[in-house]
Amino acid sequence: MPVLKEAKYRVLNKDPLEILEMEQMELLADRGYSEVILAARVRQPKVKRVLKKFLLFEDDDDTSRMWKRSSFEHELSFLQSLEHPNIVRALAAFQCPSYLGFAMGCHPTNLYRGLLDVTYSEAESYTSQLTDVMCYLHGQRIIHGDLKLGNVLLDRAGVVKLCDFGHSQVIPEDTDKPDGWRGTDGYLPPELYHSQVHNAFKMDNYSLGVLLWALFFGTAPRDNINYLYKVGNGSFLKPQHKHCLLRLLALSPTHRADIWEIAGILKDEDTSERYGRKGSVCSLSSVSSSDPAQADQSSSENGSSVTERPESAAVWNESLAPPSPHPQATSCYLLPQTAYPDSGDVTTSLASTWSPLHKDL
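Mapping of the sequence shown onto my numbering: residues 9 to 369, in sequence order.
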């Protein structure tokens with residue numbers, strides 16, 4: 009079982025933005041108790057950082073402050089423990105009189121805001137990158153817990169950066185059951201409502217399946233969409249992508265794929281020909297034969313109006329050629345399922361040997 013680092017952050021007597029001579033440019037998200045802002049240096053406006061703040065108010069009682077600190081340290085411990093090119097990095101973390109927070113690099117957009125501009129080849133690249141980072145997490149028995157378009161940032165080079173580990177969990181070796189589940193509507197696995205089987209990794213995978221469905225179909229998820237029906241009738245999908253989506257979106261956790269199966273399908277160069285020849289992903293017959301519950305959902309339209317991407321047939325035909333590998337794409341599929349090495353105890357106070365704060369940013 010992986011051992012996460014204890015959250016490490018500086019204790020400051022004033023706002024770090026003042027120390028760094030930065031100013032807030034934009035409020036990106038506001039949840040009441042926390043907010044995400046974009047800040048830039050006053051003298052170097054091109055130097056921008058994103059700060060996530062857990063706000064401390066004068067009228068907060070002890071319980072509220074303890075909960076905010078716990079939430080802050082929980083997420084920070086994941087960001088400081090995990091190292092993967094597709095996970096956002098915490099550049100610096102701090103406590104000041106008005107908030108607890110950490111700073112991250114500034115990425116131009118996320119997949120939710122850029123969804124309508126995603127091409128098929130880009131969706132293919134993002135699918136490979138997301139599968140790779142999920143192999144990394146699940147291999148260490150870590151679940152993200154809230155996979156969705158808005159939690160996947162995108163840099164200018166087309167590299168995805170998974171963020172928001174506030175709902176993440178380390179699943180003990182003796183169980184696959186999560187300690188509760190929150191997530192986001194539209195991405196929630198059906199077993200939350202219809203089954204007593206709660207496998208944390210399979211639940212994470214269902215949310216991943218919905219996210220990938222949205223990338224290929226160019227449509228934001230919502231509760232009334234019959235995902236399996238849409239995938240089964242998505243004639244523009246490559247066979248391996250259709251197969252992956254059907255396996256991730258299976259209604260029964262028993263029949264849902266683990267992440268290493270998905271990685272294997274994507275990595276197999278003969279997947280398209282082999283599955284196309286067998287016909288296992290070109291119709292819904294394979295789904296109905298293995299899982300009656302899925303067949304019931306897949307056999308009829310539920311009234312939702314979702315269409316395929318409005319691009320021309322020429323665009324889709326062009327996308328059938330294998331894309332060139334991204335220069336920064338990772339290739340650590342099928343990672344060994346080993347625990348994250350013990351990092352030891354780390355003090356949370358400001359160490360006298362730390363470099364000046366501006367060097368972290």
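These are computed hints drawn from the structure, not numbers from a lab.
Don't take every hint at face value.
Said to hold, decoys possible - Simulated pairs of lysine-lysine, DSSO-like, Cα-Cα distance not exceeding 27 Å:
hint : residue 1 : residue 2
1    : K16       : K61
2    : K76       : K54
3    : K54       : K13
4    : K22       : K76
5    : K56       : K22
6    : K56       : K76
7    : K76       : K185
8    : K61       : K76
9    : K76       : K16
10   : K275      : K13
11   : K22       : K61
12   : K76       : K13
13   : K61       : K13
Structure-based check of each hint:
| no. | hint | result |
| --- | --- | --- |
| 1 | K16 / K61 | holds (15 Å) |
| 2 | K76 / K54 | violated (31 Å) |
| 3 | K54 / K13 | violated (32 Å) |
| 4 | K22 / K76 | holds (19 Å) |
| 5 | K56 / K22 | holds (20 Å) |
| 6 | K56 / K76 | holds (26 Å) |
| 7 | K76 / K185 | holds (25 Å) |
| 8 | K61 / K76 | holds (10 Å) |
| 9 | K76 / K16 | holds (16 Å) |
| 10 | K275 / K13 | violated (32 Å) |
| 11 | K22 / K61 | holds (14 Å) |
| 12 | K76 / K13 | holds (19 Å) |
| 13 | K61 / K13 | holds (20 Å) |
This entry does not satisfy hints 2, 3, 10, going by the numbered hints stated previously.
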